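Peer 1: Residue numbers (the working numbering), protein chains in the order written: chain F, 1 to 333; chain V, 1 to 160; chain R, 1 to 502.
There is no bait here: all hints are sound.
Derived DSSO-like pairs: lysine-lysine, alpha-carbon spacing no greater than 30 Å straight-line:
hint, chain 1, residue 1, chain 2, residue 2
1, R, Lys136, F, Lys213
2, R, Lys102, R, Lys229
3, R, Lys245, R, Lys291
4, V, Lys82, R, Lys230
5, V, Lys73, R, Lys291
I should point out that these hints are in silico values taken from the structure, not numbers from a laboratory.
These numbers were taken from a predicted model, which means no experiment stands behind them.
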Amino acid sequence: MKLLRSMRTVVAAAAIVTLSAGASVAEFPERTIELIHPWGPGNAMSVSQLIAKAMGEELGVDMPVISTPGAAGTKGQKTAMSRPADGYTVFDGYVAPLVLQPILGNADWTYSDFKPLHSAVSNAFAIGGRVDETRWSNFEEMMEYGKEHPGELRYSSGSRNNLPHMVIAKVLQSYGVVAQNIPYTQDGNAVKDLKSGVLDFSFINVGNYIQDKPAFNIMLVLSELPGAKASYDGAPSIADLDIDLGLSGLAPMGWTWWIVHEDTPDDVTEKLRTAMEAAMERPDVREAIAKVGFVPLEWDHTQYDEVVGPVLDQLSAMGNALKWEEEELKKLR
Amino acid sequence: MTSRTLTLLVTAFFAIIVGIVFQQIHTSMHEQGIASGGPYDNAAAYPRAVAIVIAGLVIVQILMEILSGHQEKIGLEPQALKRAVGLLFVFALYLGCLQWLGYHLTTTPMVFAVMYICGARQIGKMLLAAIVMSFGFAFVFERFLNVVLPGGIFRLNIPW
Amino acid sequence: MLFESLLAGFQLFLTPMAIGLTFIGILIGLLVGAMPGLGPLMGIILLLPVAIGLPPVAAMGFLIAIFVGGSCGGSISAILLRIPGTPLAAATLFDGYPMAQKGRAADAIGIAISSSAIGGLIGGVVLIAASPILAKFASGFAPPEYAMLAVTGLFAIALISGGSLIKGLISGCFGLLLATIGTDEFSTGYRFTFGSHHMLNGFHIVAVVVGLFAISEMAHQIIGNDLLKKPDIKVERPGFGSLLKTLRHWGNLLRSSGIGVFFGALPGAGGVISSFSAYAIAKAAAKPGEKYGEGAEGGVVATESANNATVGGTLVPSLALGIPGDASSAMLLGALLILGFVPGPILFEQEPQFVGGIFLVYMASNIFLLIAGILATPFFVYVLRIPKFYLIPIILILCSIGTFALQASVFDLMVMFGFGLVGILFRATNYPLAPIVIGIILGPILENNLRRALLISREGYWIFLDRPVSATLVCVNVLLISGALVYAFRTRRKVFARREEA
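Generate the whole structure from the sequences, applying the supplied hints.
Peer 2: See the structure below:
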């Protein structure tokens with residue numbers, strides 16, 4: 001009797017499973033969609049959770065964000081690529097794993113190996129110092145000091161060989177200044193050590209800046225976009241420099257473009273695109289993103305190539321800045 | 001089995017660990033160019049130091065055990081040992097099949113097998129318990145915590 | 001100013017929604033904490049999307065309560081099953097489990113919960129009274145100080161390794177080595193990854209801890225003979241009496257909470273270091289009658305008050321400086337920003353009533369923890385009465401789902417299983433498991449700050465002596481090393497003398 005009853009449960013359960021498996025062909029999405037995020041917990045992850053939540057609401061399912069940090073974002077990218085191309089896995093395509101790491105020879109894909117959904121957010125960086133600094137008061141003066149004291153300056157770009165490092169190395173190379181980058185696990189800690197005088201300058205993102213504006217002397221905003229300059233209350237930007245770094249648009253910034261696997265069916269991709277576009281247009285979403293210090297982006301999937309292509313070209317062109325810094329540092333030792 | 005066999009086993013374990021550290025430093029890390037230089041580039045110095053400390057400590061530990069000459073027999077009934085090995089085997093098999101067959105096809109048999117190893121023999125009751133446990137937990141985690149359990153090649157995911 | 005902001009915060013806090021959600025957050029926290037695998041961080045990540053749609057103080061109450069409850073919940077499974085639900089509770093095992101074995105399970109849980117709540121409240125008082133000062137002090141800690149502090153932390157390994165000092169040190173070094181797996185953040189090279197992308201960030205600490213403790217424990221349980229019987233355990237009625245028992249350890253409570261707040265306020269240190277250090281110091285300061293490691297109440301008091309005081313501590317740099325103290329508070333900061341509040345000095349000036357509200361939800365969640373925890377203890381203890389043949393598969397499923405949920409990765413499950421085997425080997429040969437956990441946590445702090453300090457320094461190792469706090473820590477470490485050597489030498493001589501007598 002007991003056995004019979006339990007058998008019936010098995011059959012019922014099996015029926016549910018088969019039914020749902022059959023239904024998945026008919027209607028997308030019928031279950032939770034996961035977003036693979038390439039960084040650890042922090043502000044960038046919160047922003048992705050925010051967009052994922054809105055996008056999930058548009059699709060009628062939940063969209064949890066899975067944090068898979070490691071190897072400058074390539075672990076997340078590889079994890080997402082190993083998933084089935086059924087639209088239930090969306091990649092948080094940050095510039096570092098998507099464009100920069102392939103340039104540095106650490107990954108074998110290009111941005112065009114993926115189908116774009118919609119651009120998500122960008123995040124501008126600046127070079128900042130302390131307000132009570134006595135050795136210099138602006139970027140040009142710091143560069144003069146750096147030239148006179150080769151290898152003396154200590155700065156942090158967050159981690160080694162990341163996008164801010166590449167841009168800062170390029171700027172320093174243009175001025176012929178050799179400085180030592182100090183990698184930090186959490187970017188808040190680099191800012192802390194800048195404030196306490198251990199570092200001479202550091203990359204500062206908008207989030208760091210708005211937390212304690214009076215503490216920083218923003219010497220150079222690493223973007224020529226007027227919006228970025230405005231986020232730092234009109235501090236000088238690379239557009240104001242005498243030298244041309246060859247960087248424009250999204251190239252010197254952090255950004256993410258949500259993408260899916262190349263083999264994802266077109267109708268599924270289309271549904272995801274529509275949902276993400278709707279989510280990115282929502283005023284509440286845009287407002288919340290802006291509060292974290294990120295900029296919501298408006299490019300849709302048709303503009304993927306024309307926006308990301310130049311980033312690849314510009315970053316490839318300056319790839320030697322990091323090598324230059326390494327070699328100059330070795331010479332000094 | 002005696003305590004000396006176990007000591008041998010654990011010593012072999014640490015020897016392998018230390019060996020791997022040196023092997024990796026001389027192959028992979030050397031090729032990547034991170035096995036020498038200053039603190040910015042040398043990723044090998046610290047693991048090498050730790051491995052040397054482990055090797056030193058293990059040698060001291062072995063010498064102490066040899067000097068004390070202490071050896072004891074470990075009394076474990078064959079039945080109990082069989083159960084433990086069986087449990088590990090079933091669990092390894094379960095984890096191995098999880099990716100392939102998915103959570104929903106593998107969990108109920110795993111639970112059932114573990115109960116069987118424990119000595120339970122009321123098939124109906126065990127089956128019911130196994131089903132309730134595996135689907136109950138799946139429901140809680142998938143429905144309330146948004147966890148997507150492995151679907152396997154059949155893509156079996158229940159939209160609760 | 002302080003009093004006013006608290007008073008203004010009351011208006012924001014005293015809404016049915018804020019109070020209700022804080023209470024629910026505690027329950028969720030206790031659950032995710034008690035289950036092997038998930039912990040406070042995963043709880044916060046999983047429920048953040050729910051929170052950001054709520055009114056700010058209610059949302060923060062909900063998330064902070066998960067943090068508080070989750071930091072305590074791990075002790076429940078540690079006490080009952082010898083499985084730390086989170087790495088935070090790995091040190092609670094030492095005395096919590098022996099207490100339960102002696103029939104004092106409810107007492108042990110009661111004490112764990114009371115200590116957590118009181119530790120949390122002490123942390124909260126510090127948070128309210130000294131946030132800016134403590135934040136300033138902590139921000140003076142730079143890489144040289146962290147590196148020296150990590151060296152001091154290694155002594156905790158020696159103090160907690162119980163039976164054999166050398167075996168404890170080997171376990172600890174094994175943990176240090178495990179922490180090096182993955183991408184080296186300085187050279188950006190890959191260490192011990194064997195070409196697998198799964199290994200690029202090393203092993204997930206939770207997968208390692210669940211494997212070491214839970215899987216090996218299940219293998220240990222199944223060796224026993226009473227698998228089918230309903231365990232005949234008499235469980236005494238728990239109650240608020242355990243609060244009194246906890247308060248009797250007031251010295252230990254204050255000291256351990258202080259340690260917890262201190263490590264919490266140092267960004268990057270966190271709860272595991274707090275609880276291990278507090279345990280080590282409590283053990284060192286114990287009276288001869290207290291048998292640490294065999295079910296001493298003081299052991300549970302020390303670890304649990306410390307790891308919950310850490311929560312209050314981590315909120316200090318998070319709120320006052322905008323620098324997250326650990327991964328969980330990094331998520332809290334993200335939530336704060338989305339809700340429209342910028343953490344940092346400006347927050348205290350511009351939104352005093354909101355800061356007051358956060359302080360209040362934090363204090364309230366600790367009080368709720370006490371109430372909910374004590375009331376729920378009978379249900380927790382019921383676990384002990386489940387026959388083993390049900391309990392073992394339940395735990396195996398929970399370990400599997402909980403570990404899988406961390407990164408939706410089957411590889412993490414393989415890691416868990418592998419470390420299950422390592423755990424069995426270590427147990428069979430009497431190598432302690434807990435030092436591995438502290439080794440994994442201390443490893444990156446030690447290595448990275450050592451290398452960071454040397455990179456920052458313009459004159460090599462002198463940087464450790466040039467800075468006053470770092471120099472002090474160097475002295476402390478030298479004293480500890482020489483003290484330990486003298487002690488080891490003396491006991492050795494005593495042992496030999498005794499042997500000769502015999």
